[in-house]
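2 protein chains.
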Amino acid sequence: MSLGELDFIEALRAFATHPAARGLADDAAVLGDLVLTHDTIAEGVHFLPDDPPASVGWKLVAVNLSDLAAKGAEPLAALMSATICGDGVWERAFLSGVAAACEAFRLPLVGGDTIALPFGAPRVLGLTAIGRGGSVVPSRAGARPGDRLWLAGTLGDAAAGLALLKADARAEGMLVEAYRRPLPLLAAGQVLAPFAHAMMDISDGLLLDLARLIKASGCGARIDLDALPLTREFVGERGSGRAARLFAATGGDDYALLAALAPDLDPGLSLCLPSATIFGTIGTITAGDGIELFDAAGDVPLPERLGYEHHRPNPS
Amino acid sequence: MSLGELDFIEALRAFATHPAARGLADDAAVLGDLVLTHDTIAEGVHFLPDDPPASVGWKLVAVNLSDLAAKGAEPLAALMSATICGDGVWERAFLSGVAAACEAFRLPLVGGDTIALPFGAPRVLGLTAIGRGGSVVPSRAGARPGDRLWLAGTLGDAAAGLALLKADARAEGMLVEAYRRPLPLLAAGQVLAPFAHAMMDISDGLLLDLARLIKASGCGARIDLDALPLTREFVGERGSGRAARLFAATGGDDYALLAALAPDLDPGLSLCLPSATIFGTIGTITAGDGIELFDAAGDVPLPERLGYEHHRPNPS
Chain A
0 MSLGELDFIE ALRAFATHPA ARGLADDAAV LGDLVLTHDT IAEGVHFLPD DPPASVGWKL
60 VAVNLSDLAA KGAEPLAALM SATICGDGVW ERAFLSGVAA ACEAFRLPLV GGDTIALPFG
120 APRVLGLTAI GRGGSVVPSR AGARPGDRLW LAGTLGDAAA GLALLKADAR AEGMLVEAYR
180 RPLPLLAAGQ VLAPFAHAMM DISDGLLLDL ARLIKASGCG ARIDLDALPL TREFVGERGS
240 GRAARLFAAT GGDDYALLAA LAPDLDPGLS LCLPSATIFG TIGTITAGDG IELFDAAGDV
300 PLPERLGYEH HRPNPS
Chain B
0 MSLGELDFIE ALRAFATHPA ARGLADDAAV LGDLVLTHDT IAEGVHFLPD DPPASVGWKL
60 VAVNLSDLAA KGAEPLAALM SATICGDGVW ERAFLSGVAA ACEAFRLPLV GGDTIALPFG
120 APRVLGLTAI GRGGSVVPSR AGARPGDRLW LAGTLGDAAA GLALLKADAR AEGMLVEAYR
180 RPLPLLAAGQ VLAPFAHAMM DISDGLLLDL ARLIKASGCG ARIDLDALPL TREFVGERGS
240 GRAARLFAAT GGDDYALLAA LAPDLDPGLS LCLPSATIFG TIGTITAGDG IELFDAAGDV
300 PLPERLGYEH HRPNPS
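Chains as they are written, first to last, in numbering that gives the first Met the number 0: chain A, 0 to 315; chain B, 0 to 315.
Mixed in with the good hints, there may be bad ones.
Footprint (simulated), chain A over chain B, 3 or more residues, beta carbon under 8 Å [as the list claims (entries may be wrong)]:
no., region
1, 40-47
2, 68-78
Pairwise CB distance ranges, derived in the manner of DEER restraints [said to hold, decoys possible]:
no., chain 1, residue 1, chain 2, residue 2, range
3, B, L5, A, D265, 53 to 59 Å
4, B, L5, A, L264, 50 to 56 Å
5, A, P300, B, L5, 53 to 59 Å
Chain A is faced by these chain B residues, among others (derived, beta-carbon under 7 Å) [stated by the list, open to error]:
no., residue
6, G3
7, L30
8, D86
9, W89
10, E90
11, R91
12, L94
13, V109
14, G110
15, G111
16, L116
17, T127
18, P228
19, V234
20, G235
21, P273
No lab work stands behind these hints, which were simulated from the structure alone. None of the values given here were measured: they were computed from a predicted structure. Ideal Cβ positions, reconstructed from N, Cα and C, are used throughout, including at glycine.
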């Protein structure tokens, strides 16, 4: 993040002091029972001109819904901001992806704005998603030493898919799909929220997002690399050794949910997660102030890069 | 509007079928008691690189709040999408204008997104404003033949200010301020909404916006040019003859409120508008299907250009 951006976000924080803003340090704003989030993506920054436009539309909706999932919120409506450059062919395909995701996740698109940009300007696409929170809307703060860390979803698929695409833009398959068409875990989020001391979605990499959670909660975490949930496709592509697991823990674009739950909570008894949800414990919250990693072979040094910091210079 | 844009908006309408979207033909979406609006502005399209950045920030907030005013809604919160290019100096000044408007209109900024764009890309700035509607949330449809058309606010100042700036980028004064720092008529909108058969804000020019209102309502309108509210500053700059009044009726950027009220309603008795609000009747709704203009000298032909169509290729 450049100095200009840091300055800007500092200045934003200085006046966005309403409690609903949660210090601009959470996945979403919480105003009464409303949960509000906005993500903007730009061509050349968050997606590439040769990415299939329908997948860009899908992803714009999905990443916003993942923020609602992290609050346990039910989606109510969305407003979209779209730019149009040139003949609009790309945008029509983009829109089909937006429509498919809105349909899949029952998100009514109720308004927004469409503006024409000069030819050659990068496309800038934004979505505001509005949801209704349940009885408890967890934040990133609130995890307590002794809590167990649970993960809904899997790690590494999207990052492995992106690596395949970087090697060959025509790559296909489940890993590429995971990168292009993430699935927000809305139902799991709604089930977990009332029990979660802290919860967030994993968008920039487990370790980077976990670092934010423990910083907000004022504690540390100890993670069992061997417990990270990997898919068969991921293991087929990258293996399941320590390097592969560190790759999965720092890859980003997972849109899994990370929740800190009380140690005596047995989710198998207490929670009724959708049957297809992959769900397991990956570690514990500690009284320390950083992340410790270990696997069957012993302690594992924390990698230098915890995730994709530059992907999200965003305040919310 | 290009074919690409028209196609795109047509495709948007095809799937934004939720009643809250109001056919993407209103100033805002209405979802339960929530009123939702989003406007995006781009450098080189809606503002110029040498416009004072603080005024761009003010205007972004004000135009969204004017959409809430047209629904009689009380502002609850906003989310902002901002791009950052280069060193962020422009953006810091922009943000000071956003903060000033949020402060002036008691609008908490609670979230959003900030993304870095490559150097040289046009800035794209968006705001989602969320408000709470009252017992009645008027739309553009609903005006009935016989209704009187009332206008809160004045016309022409902003267009006259823009003309001054085009002649001399260093121009100053009340008209330039009206262009740069419009004031959304939130209190007037809240007072008028329960009585309005139809209401909207005048952003693209009275005649163009009125044409939208009567199209949505399925009726016509007859406007007394002599009744248009002009400020002393406007008259000092452009006069008060027919040409000046047609300029004021097609200028745009007024952010006045246009309301169709029952003919037997006497706003002086029934309504309690803020004392500073300039408010008067400018015509009537007719059983026809177009706009008729007249002044003391007789009928006035409708000008070819009714307002700034290209300013707002937006669905909401």
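Violating hint indices (sorted, rising): 9, 18, 19, 20, 21
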